[in-house]
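S.K.: Sequence:
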Amino acid sequence: MRFVVRVAVNAFAIWIVTLLPALQVRLIPFAPGEGLQVALTVLVVGLIFALVNTLIGTVVKFVAIPLYILTLGLISLVINGFLLWLTAVITENWDWGLRTGEFWLTAVAALLIGIINAVLGGLLRPRKEERSRR
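Numbering-wise (the numbering used here), the sequence shown opens with residue 4 and increments by one.
It is worth saying that the hints were derived from the structure and are not from the lab.
Since the structure is predicted, the reported quantities are computational estimates derived from the model, not experimental observations.
You may find that some hints are simply not true.
[What the hints assert, rightly or not] Derived Cβ-Cβ restraints for the label pairs, each shown as a range:
#1 Gly38 to Ile72: 41 to 47 Å
#2 Gln27 to Arg128: 27 to 33 Å
#3 Leu114 to Leu73: 16 to 22 Å
#4 Arg5 to Glu37: 18 to 24 Å
#5 Ala121 to Leu39: 25 to 31 Å
Beta carbons: idealized from backbone N, C-alpha and C, even for Gly.
Working from the sequences, and respecting the hints, build out all of it.
M.R.: This is how it looks when you write it as structure tokens:
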């Protein structure tokens with residue numbers, strides 16, 4: 004259930020950030036209706052971004068622990084930008100998906116996605132008393 008919420012939050016954050024010129028989403032051509040195309044495309048890109056963060060991001064962040072210490076955590080901007088760029092590269096193989104511009108604009112977009120994920124993740128996380136009842 005957490006992964007589904009994470010994908011939905013990622014999709015919403017990517018949709019919000021695509022309003023900036025740094026990221027663009029090319030729509031899935033086979034979905035009926037433009038609203039459904041946008042929703043389906045953003046959900047699939049959010050799923051791919053969640054998988055990239057889970058599988059590759061965990062390894063990269065673990066290996067980069069000395070850089071986190073050396074830069075006082077500022078390397079996370081570069082790593083998150085890299086993971087978003089990697090998501091764009093993966094979806095670039097199809098006629099739809101995420102398109103990025105300059106790397107630093109992509110890093111800023113990844114920072115905004117991270118902020119939106121933190122806020123929405125905090126709001127959607129079950130409360131401690133709800134967890135203790137289970």
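S.K.: Between Gly38 and Ile72, does the C-beta distance stay in 41 to 47 Å?
M.R.: holds, 46 Å
S.K.: Note whether the CB distance of Ala121 and Leu39 lies within 25 to 31 Å or breaks it.
M.R.: holds, 29 Å
S.K.: Could you say whether the range 27 to 33 Å given as a hint is met by the Cβ separation of Gln27 and Arg128?
M.R.: holds, 31 Å
S.K.: Taking the CB of Leu114 and the CB of Leu73, does the distance hold inside 16 to 22 Å?
M.R.: holds, 19 Å
S.K.: If you check the beta carbons of Arg5 and Glu37, does the distance land in 18 to 24 Å?
M.R.: violated, 31 Å
Against the hints set out earlier in the document, a violation occurs for number 4 only.
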